[in-house]
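*Asks:* These are the residues of each chain, in order.
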Amino acid sequence: MYNIIADEKDKGGMRVITLDKKDLIEAMTEFKSQGYYLSSITGVDMKDHLEVIYHLHNFDKNEYLGVKVLTYDSKVPSLVGLWKAADWDEREQYDLMGIIFEGHENLRRILLPDEWVGHPLRKDYDLKKVQYVSMDSEGNEHVSFDEREGW
Amino acid sequence: MKTGDLGVKTTTLEKALEWGRSNSLWPLTMGLACCAIEMMATQAADLDISRFGSEIFRNSPRQSDLMIVAGTTTKRMAPRVRRIYEEMPYPKYVIAMGVCVIQGGPYVDGYSVVLGVDKVIPVDVYVPGCPPSPQALTYGIITLQKKIRGETDR
Ligand code: SF4
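Line by line, the protein sequences give chains A and B.
Take the first sequence: its position 80, counted from the start at 1, is 71 in the numbering used here, and no numbers get skipped.
Here the numbering used here = 1-based position in the second sequence + 38.
Please note: incorrect hints may appear among the correct ones.
Said to hold, decoys possible - Okay, the calculated bits of chain B under chain A, using three or more residues with CB under 8 Å as the criterion: (1) 109 to 123; (2) 152 to 161.
To be verified - In silico negatives: residues of chain B with every beta carbon more than 12 Å from chain A: (3) P127; (4) P172; (5) K184.
Said to hold, decoys possible - SDA-like, lysine to any residue: derived pairs with alpha carbons at most 25 Å apart: (6) K120/A - L153/B; (7) K38/A - G148/B; (8) K13/A - E83/A; (9) K114/A - S150/B; (10) K119/A - G142/B; (11) K119/A - Q141/B; (12) K114/A - P144/B; (13) K38/A - Y145/B; (14) K119/A - V146/B; (15) K114/A - Y145/B; (16) K157/B - E106/A; (17) K114/A - G142/B; (18) K120/A - R118/B; (19) K120/A - Y145/B; (20) K130/B - M126/A; (21) K119/A - Y149/B; (22) K157/B - L118/A; (23) K23/A - R82/A; (24) K157/B - W107/A; (25) K120/A - P144/B; (26) K157/B - G130/A; (27) K120/A - R114/B; (28) K119/A - S150/B; (29) K59/A - L29/A; (30) K157/B - S128/A; (31) K157/B - V121/A; (32) K120/A - G142/B.
Since the hints were derived computationally from the structure, they do not count as laboratory data.
All values reported here derive from a predicted model rather than from experimental measurement.
Cβ coordinates follow ideal geometry from the N, Cα and C atoms, glycine included.
Let's have the full structure, built from the sequences with the hints guiding it.
*Replies:* Okay, structure coming up:
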């Protein structure tokens, strides 16, 4: 049995529950059996910890449910085993927020080139260190901090 | 151009070529973000740019003369834009549409956007706005035609 740390309603009337991350898979399995589908995964950087927010939607009841998970070591269990839709969403969160989804088989960058340094939506990402992208004739991308080596 | 008494017109070959080129600017479909919607509106029935000889948007760079870069050029897209530009046959022209393409626009402080497509490819006409209205783009195309015919001093 999982226990719910907080259960609140947001401004739009959507129920948002907070879970411990070790309960995540168990709770999500139960929500799936109730007919919920995964709509989106978002991440929030709260400086000392990261929050991962899952939006679930139930087509029968036309009801949304938000599930929040806090993580202090940027690691969260992956939901790919439950919903295939989680695959690319988790890759996006990994790419931009640096959240590591344990159990994801193909956790690579999805939007930025593979060689990119850092995760740009983190608060500690340094925007002054500009990175430039170039492409060789084979179509391989290269990232560099040197302005002359890309755009 | 001079009109002779016999109903004959004389001109230089160069002028005739310029006239032909400026009135058959076939644009390339290069919509990268929201500005592309306005580019489509420019091409559609209401403001029909075929009136100025830009008949039809080509999907192949090898069949087009004009690249309207419409929308945010990201760092990852920039090498591709360059490559497509190089695939276009001469003579070729570029219109930079929207502030994103001109200098980064709303994303000027971001990490992912090239601050000005003129770093990547040479630009002939800049059309500012976010997004520029279809009328503004039409004006940009007319300005480019004048530039090709040597009628503007810039
Ligand atoms: S200039 Fe404005 S409308 Fe055009 S691509 Fe940029 S943000 Fe979109």
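*Asks:* Name the hints, by number, that the structure is in violation of.
*Replies:* none
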